[in-house]
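The residues making up each chain are set out below.
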Amino acid sequence: MSMTALAGVRVLDLTHYIAGPHCTKLLADYGAGVIKVERPGTGDPARSLGPFYQDTPHLEGSGLFLHLNTNKRGITLNLKSAEGKDIVRRLAQKSDILVENFSPGVMEGLGLDYQSLAPANPRLVYVSISNFGQTGPYRDLRASEIVSFAMGGPMNVTGHPEREPLKLGGNVVAYHAGAVAAYATMLALYTAEDTGEGQQIDVSVYETQTGFRDRRVVYLTAYAYTGEIGERPNPEVRLGAGTRPCADGYVNITAMGYRFSELCQMIGHPELVKDQRFSTVAARMQPEAGEAFDEYYLPWLMSHSMRDAVAESQAHHLLAGPINSVKDIMEDPHFQGRGFWETVDHPYTGPLLYPGRPFLMGETPRLPAQRAPLLGEHTVQVLREELGYTQEEVLLLRQQGVI
Amino acid sequence: MVKLPLEGVRVVDITGVWAGPHCTQMLAEWGAEVIRVEPRNVLQPATRAVLTRPPLEQVRASSGAASMFYRFPNRDPGQRAWNRSPSFNSHARNKLGMTMDIMQPEGHEAFLRLIAVSDVFIENNVPETLERAHLTYEELRPKNPQLIMLRMPGYGLSGPYKNYRTFGSHMEGMAGHHLLRSYPDLDPSMLGDAYTGDAAAGLAGAFAVMLALRHRRRTGVGQQIELALAENFVPYLGEVFMDYTMNGRVAGPQGNSHPTHAPHNVYPCKGPAPAEGNGHDRWIAMDIATQEEWERLCALMGEPAWAKEPHFADPLSRGKHREEMDRHIAQWTRDKDDYELFHTLQAAGITAGPVQNEADAYRCPQLEARGFFEELTGPETGAHAYPGLIFKMSATPNRLRRYPVRLGEDNEYAYKELLGYSDAEYRRLEELGHIGMDYPPDMP
Numbered sequence: 198m199s200m201t202a203l204a205g206v207r208v209l210d211l212t213h214y215i216a217g218p219h220c221t222k223l224l225a226d227y228g229a230g231v232i233k234v235e236r237p238g239t240g241d242p243a244r245s246l247g248p249f250y251q252d253t254p255h256l257e258g259s260g261l262f263l264h265l266n267t268n269k270r271g272i273t274l275n276l277k278s279a280e281g282k283d284i285v286r287r288l289a290q291k292s293d294i295l296v297e298n299f300s301p302g303v304m305e306g307l308g309l310d311y312q313s314l315a316p317a318n319p320r321l322v323y324v325s326i327s328n329f330g331q332t333g334p335y336r337d338l339r340a341s342e343i344v345s346f347a348m349g350g351p352m353n354v355t356g357h358p359e360r361e362p363l364k365l366g367g368n369v370v371a372y373h374a375g376a377v378a379a380y381a382t383m384l385a386l387y388t389a390e391d392t393g394e395g396q397q398i399d400v401s402v403y404e405t406q407t408g409f410r411d412r413r414v415v416y417l418t419a420y421a422y423t424g425e426i427g428e429r430p431n432p433e434v435r436l437g438a439g440t441r442p443c444a445d446g447y448v449n450i451t452a453m454g455y456r457f458s459e460l461c462q463m464i465g466h467p468e469l470v471k472d473q474r475f476s477t478v479a480a481r482m483q484p485e486a487g488e489a490f491d492e493y494y495l496p497w498l499m500s501h502s503m504r505d506a507v508a509e510s511q512a513h514h515l516l517a518g519p520i521n522s523v524k525d526i527m528e529d530p531h532f533q534g535r536g537f538w539e540t541v542d543h544p545y546t547g548p549l550l551y552p553g554r555p556f557l558m559g560e561t562p563r564l565p566a567q568r569a570p571l572l573g574e575h576t577v578q579v580l581r582e583e584l585g586y587t588q589e590e591v592l593l594l595r596q597q598g599v600i
Numbered sequence: 020m021v022k023l024p025l026e027g028v029r030v031v032d033i034t035g036v037w038a039g040p041h042c043t044q045m046l047a048e049w050g051a052e053v054i055r056v057e058p059r060n061v062l063q064p065a066t067r068a069v070l071t072r073p074p075l076e077q078v079r080a081s082s083g084a085a086s087m088f089y090r091f092p093n094r095d096p097g098q099r100a101w102n103r104s105p106s107f108n109s110h111a112r113n114k115l116g117m118t119m120d121i122m123q124p125e126g127h128e129a130f131l132r133l134i135a136v137s138d139v140f141i142e143n144n145v146p147e148t149l150e151r152a153h154l155t156y157e158e159l160r161p162k163n164p165q166l167i168m169l170r171m172p173g174y175g176l177s178g179p180y181k182n183y184r185t186f187g188s189h190m191e192g193m194a195g196h197h198l199l200r201s202y203p204d205l206d207p208s209m210l211g212d213a214y215t216g217d218a219a220a221g222l223a224g225a226f227a228v229m230l231a232l233r234h235r236r237r238t239g240v241g242q243q244i245e246l247a248l249a250e251n252f253v254p255y256l257g258e259v260f261m262d263y264t265m266n267g268r269v270a271g272p273q274g275n276s277h278p279t280h281a282p283h284n285v286y287p288c289k290g291p292a293p294a295e296g297n298g299h300d301r302w303i304a305m306d307i308a309t310q311e312e313w314e315r316l317c318a319l320m321g322e323p324a325w326a327k328e329p330h331f332a333d334p335l336s337r338g339k340h341r342e343e344m345d346r347h348i349a350q351w352t353r354d355k356d357d358y359e360l361f362h363t364l365q366a367a368g369i370t371a372g373p374v375q376n377e378a379d380a381y382r383c384p385q386l387e388a389r390g391f392f393e394e395l396t397g398p399e400t401g402a403h404a405y406p407g408l409i410f411k412m413s414a415t416p417n418r419l420r421r422y423p424v425r426l427g428e429d430n431e432y433a434y435k436e437l438l439g440y441s442d443a444e445y446r447r448l449e450e451l452g453h454i455g456m457d458y459p460p461d462m463p
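Residue numbers (my numbering), protein chains in the order written: chain W, 198 to 600; chain H, 20 to 463.
Simulated from the structure, these hints should not be mistaken for lab results. Careful: at least some of the hints might be erroneous.
Said to hold, decoys possible - Covered stretches of chain H, going by a simulated chain W footprint (3 or more residues, C-beta under 8 Å):
(1) 253-263
(2) 411-422
To be verified - Here are the in silico distance ranges between beta carbons for each label pair:
(3) L319/H <-> K291/W: 17 to 27 Å
(4) P334/W <-> R418/H: 37 to 47 Å
(5) T309/H <-> R581/W: 34 to 44 Å
(6) A318/H <-> G238/W: 43 to 53 Å
(7) R268/H <-> L571/W: 40 to 50 Å
(8) T309/H <-> E280/W: 25 to 35 Å
(9) A388/H <-> E492/W: 21 to 31 Å
(10) P548/W <-> R420/H: 31 to 41 Å
Said to hold, decoys possible - Take a look, some chain W residues computed to stay more than 12 Å from chain H by CB distance:
(11) G230
(12) P237
(13) N275
(14) K282
(15) D283
(16) P334
(17) E361
(18) G427
(19) A444
(20) S502
(21) P544
(22) Q596
Just so you know, even glycine gets a beta-carbon here, dropped at the ideal spot from N, CA and C.
Work the whole structure out from these sequences, hints included.
Given below as structure tokens:
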């Protein structure tokens, strides 16, 4: 039996919503033992966000929470009580990693900041994720998915030039910040296991967006080079590139500058390669060329389905992809055949298909996902097995509202 | 100087476009010696450049997405445009560069010698390319039994889409992102490309390499990692897929809307209209999550009569009448300065912020206070402030260290010092075209 990559690594998870839980999900899915701490009664606020199973709000039925918290154990703790703080301190002492995404200053107010916990566990890797970082004049400002993208990301160049700028889909900004934190965590763990010294990591969602590979760093560098700011590109004036309609939907095919002759072959107009209007890359970048080319291109597109247009493009070595809905991709035989989707059973929802692994490792495979914890499911187990509480002590904590 | 976490780790990098180079950027920033291996006889698509010698008039005229390749320093492609493009130079700092054609016997031999002295090999080509080059994990492992090899294809090393060619944008169409982020009232062809999956894959690749490095340090065992861009990105939209598996709901275009927050959009501020502004238009993003926040916003707006109407009374109703509501709010924001409004709204406890263009980012007091932008001076680019590191480690202070790598910049070091080639052998590889800092003059 092969081992997981993070077998034996202990993570104390004080995160909620999306960015933090995505970070600890990546650690948990590759084998770390994650103990997620939630507030008694309501738990992680993500439990109260939809989509809900059967569209019925329920603390155990949030699709967002279920997806982001696989492979974790869950306990409830009142962090404002002295006993609750003490339990966190004792768990932190036995952990390799602590991840939190409270507003800056909150952990300090609780006496659970890095400086307070490090003396008892110098190896601790303490990961803080916040909107703007732990320092600076914007430290205490509010942000959210759309605001972080607007301020940090390439929103100014996303959307149609004559319309309002658009955000990206869902909560990808928060997911991305969680992935940044997971990589940073591994760097610090790798160091701590070598030197015996932990440290604090400061992840600012704003900076993960300002350094976002999705176009932002390119436009920032272009500005540094030229003093020119970016524009929202006009999607209607590109030759053989971008999203176009087809018989049953839309496809994105790119040939401009790369394989123009293959594109002309594919649409049955090989003569266009020699056409003056399209004969050089420079000519093909002119808006008029795009319009002229559409006369030949659109009829071909409208006589092909998404899947056929993409398959034919790929056969001609053109870059191409369909504009899928969630249904299209879940029914796609490629992803099914690779075993990407995984079935996760849960007492409230029954078995459901979840998105699966982000990557496959040859020697340290990711284990099949175990469902997210029910609220407080492992409180007694963790207190008794990890911290040696007696049954009576646990009962007392429950009566005091600590757990 | 504190030791960086990845000092002593050598990474061989034959990645292209964005996803792979972003992964090796992450590793290089934290101390790995990343050696980019590039051919001189083929221009890797959309990596260093689209054209080796783009005509000046085209460079001057380029706009929109093309500016990512053509906004060279001072809009001048210079003698070697391939060392000056923002698309490439925004990920190429801290890396080393060497040239060879791995498809030719001499290049293949040099590559195997490089693999033998390296720890990690990262590539994101179409899978069949590595098979043709005889550089699969099975073929390389005998040369370096502890090798960690990361492959980053679009759709995986098996299945009907194995050899599908894709940029991040095409994969995002496949993964459902393009449809989801489209305007609800326009068809999906009215929206340009995004590359979020490239960013996601670069990070996941760096994370996966760390998992494998740690495992190797503990056990001495290397491994191959298969990271399909699409499989890595679909979980970023997890809740949308869960809504489908739980409720059968097929999400349509969402634009700037939110399932339960309203208002949730960007609103125009004082400045040119979008069509005229050409990027100079001003907007503020606002996210009203609770009824209390809505009431605070109404107070700031001066308790307008429209906001008292019953169809704006609660989030659900406001969501249903989003367009009408947003028109009212836009009337209020339109003549206001976006930064003044930003601070007014934040002071009132409302989540809001301006849509910042690149100039805004470079003068942002928060980024300034945290030292986000860092200057690097390159021999063919001059001195410029680049976007810097995306997280801070308290015990490991870090900076950008080297300007974006030029084609073949470190050939001498790599061939002679690292691989032990003699001067005579080096000259022969130069003559054969493997070694150099230029593309052939006749290359498009």
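Quick rundown of the hints versus the structure:
1. 253-263: holds (count 11)
2. 411-422: Check passed, 5 qualifying residues.
3. L319/H <-> K291/W: 17 to 27 Å: Violated: the Cβ-Cβ distance is about 48 Å, outside 17 to 27 Å.
4. P334/W <-> R418/H: 37 to 47 Å: The hint (37 to 47 Å, Cβ to Cβ) is violated, given that P334/W and R418/H are roughly 22 Å apart.
5. T309/H <-> R581/W: 34 to 44 Å: 38 Å, holds
6. A318/H <-> G238/W: 43 to 53 Å: 31 Å, violated
7. R268/H <-> L571/W: 40 to 50 Å: The hinted range 40 to 50 Å is violated for R268/H and L571/W, with Cβ atoms some 24 Å apart.
8. T309/H <-> E280/W: 25 to 35 Å: Check passed, 31 Å falls within 25 to 35 Å.
9. A388/H <-> E492/W: 21 to 31 Å: 54 Å, violated
10. P548/W <-> R420/H: 31 to 41 Å: Check failed, 50 Å falls outside 31 to 41 Å.
11. G230: The claim stands: G230/W keeps its Cβ more than 12 Å from every Cβ of chain H (closest is about 15 Å).
12. P237: 22 Å, holds
13. N275: The assertion about N275/W holds, with a minimum of 23 Å to chain H.
14. K282: Answer for K282/W: holds, closest chain H Cβ roughly 22 Å.
15. D283: 25 Å, holds
16. P334: 5 Å, violated
17. E361: 5 Å, violated
18. G427: 6 Å, violated
19. A444: About 14 Å separates A444/W from the closest Cβ of chain H, which puts it past 12 Å; holds.
20. S502: Check passes; 14 Å lies beyond 12 Å.
21. P544: 15 Å, holds
22. Q596: Label holds. Min Cβ-Cβ 32 Å, cutoff 12 Å.
In terms of the numbered hints stated before, the structure departs from hints 3, 4, 6, 7, 9, 10, 16, 17 and 18, listed from lowest to highest.
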